[in-house]
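Peer 1: In case you want the letters, here they are:
Protein chains: 2
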Amino acid sequence: MTLPERAPSADAAALLEAARGGQRRALARVMSMVERGGADARRLGMLTFAASGHAHTVGITGAPGAGKSTLNSALVSVARERAERVAVLAVDPSSPFSGGAILGDRVRMTDHTFDEGVYIRSMATRGHLGGLTLATPLAVRVLDALGWPWVVVETVGVGQVETEIAGAADTTVVVVNPGWGDSVQANKAGLMEIADIFVVNKADRPGTPETCRDIRQMLDLSAPGDWDPPILTSVGTTGEGAAELWAAVCAHRTHATATGELAAQRAARVEAELDDIVRASISQRVATLSGSPLAQQLRERLARRELDPYAAAEMLLAETC
Amino acid sequence: MTLPERAPSADAAALLEAARGGQRRALARVMSMVERGGADARRLGMLTFAASGHAHTVGITGAPGAGKSTLNSALVSVARERAERVAVLAVDPSSPFSGGAILGDRVRMTDHTFDEGVYIRSMATRGHLGGLTLATPLAVRVLDALGWPWVVVETVGVGQVETEIAGAADTTVVVVNPGWGDSVQANKAGLMEIADIFVVNKADRPGTPETCRDIRQMLDLSAPGDWDPPILTSVGTTGEGAAELWAAVCAHRTHATATGELAAQRAARVEAELDDIVRASISQRVATLSGSPLAQQLRERLARRELDPYAAAEMLLAETC
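These protein sequence lines are chains A and B, in that order.
All residue numbers for the first sequence refer to the working numbering, where the first residue is 1 and numbers rise by one.
All residue numbers for the second sequence refer to the working numbering, where the first residue is 1 and numbers rise by one.
Hints are not guaranteed to be accurate.
All copies of an identical chain are treated as equivalent in the list; a pair is satisfied when it fits inside any one copy or across any two copies.
[Claimed, not checked] In silico DMTMM-like cross-links for lysine to aspartate or glutamate, where the CA-CA straight-line distance does not exceed 20 Å:
no. : residue 1 : residue 2
1   : K188      : E84
2   : K188      : E261
3   : K188      : D228
4   : K188      : D214
Keep in mind the hints are simulated off the structure, nothing from the lab.
Input sequences plus hints: build the corresponding full structure.
Peer 2: As structure tokens, then:
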């Protein structure tokens, strides 16, 4: 048996071909390869890059419980009414052991289960280095190369990695709830930075106008760009506001295309991805080193202060390259 | 002329010796070496590690304008009344071009200018990789090895790097102002996590009791440790509350020493520093690669989609190791 890290399985190309022919089971296996990373994932990256670059990606992020999945399901319904085909990636950077919540969320997406124009996939990684930072753009690229014109990337929480992933979409939607403006919350500034569109979801609750006003004030404090993020309201459970959200996504796409910002940002993201891949490859080497008997020995010598961290780093690095 | 990245200057050891003898100008040059990073910094790391591990470090952080410098100056006065020798590092991760503010702040420290028992140094880095994340623990270690029993690390703002730096001290003091509890502020959760002691400074202003109560409530929401962070009040400009702050710092030190937490955290920080150094070295290599003609050529091919990022990464990495 060959190690997946060393030799890519011959299946990658064949599976991709089957997925291109519309076989959902083949696509599911391709996406599992992406999640696992390693040689198969690299091969998929090589096989799909030339055919990609056509899909518009939409990132949806916000705190757990904000109603992202429900709103996203309503948004997909609107897209389908307009005969648009949509792929959804639900990205969960938490460990596979806490995967229960996302499975529960996905249940709300069952409306679209038998629709050939919708593809839904939950994504997690088995903790390999680079993880979702590398796996997500690759998963998007595979769907893009297979001809999906819209790829929605929904993240479960608002951790730094999730914010980066959602922010790397062509259009980023930040979903909040009434009261968000005055609540204590980590990463609020990070969310303000990445939002192309704000949605105050659960807008049937009190405090919605105040929250819209608070967001407007926070936006006014930041440096003005040539796109002024709209602040929409929605009730995900009834689908209220989903059509307006779809219209706003399309308006942002038109704007970013016209200004050349879309092309510039995509080019910058490919370059950043190259750096991420290089960094992950080197980190992989360091992690391998870190678990080595040498590293253990160095840590013991550090604890006894026989060796300083700079000398230990040099000794460790001398083993890699 | 040799490149500082390759060959350490022979001065590092001699300067350190002169600084040990009490020469302030030599110490200033040593600290500049730390700031610059590279081979001299690594050499200083190697020369000081064995003699270090005796100083107690105090991190002081909080939003700009919270009055950290003024309070810190009052704290140093209290320490001096108790015949304790104190070194202060004012850490500013912003670019050298915005260095004006910190110079202004430092003026308030002039009370201690002619006191041999006080050493004050502003620290910035010239943007080199690893930056203050590596330079600060090294600067602390140098002062520690030179026999300073107390090293206070004061950060200018509450960015992620600054919070990490202040949180890496043996005792971390978070300085806020009346009204902090209900204000919208980035990184509030981050500050709650690292605080061993809270100080509501400018406590002569309205809203002080409410802010103390808000902090208490926020603390009650977090997981209880065996140290319950006290919430103090102060007026930095009059020195009110500084003696109580000093007492709280000493109480925390006694507690952390007795429980073994101090030793455990220090050991963990040295291991984390090893990882940081390894990571910075790798980033350095990636950056060097990234500026190479090969990398430029690969980026152009990426833009034309002749090459995918995975293949480009492989070609780039084949050049390093």
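Peer 1: Each of the hints needs a verdict: does it hold here or not?
Peer 2: Now the hints, each set against the structure:
1. K188 / E84: Result: close neither inside a copy nor across copies, 32 Å intra and 41 Å inter.
2. K188 / E261: neither (24 Å within a copy, 32 Å between copies)
3. K188 / D228: Within one copy only: 18 Å inside, 27 Å across.
4. K188 / D214: both (12 Å within a copy, 18 Å between copies)
Violated hints for the displayed structure, listed by number in ascending order: 1 and 2.
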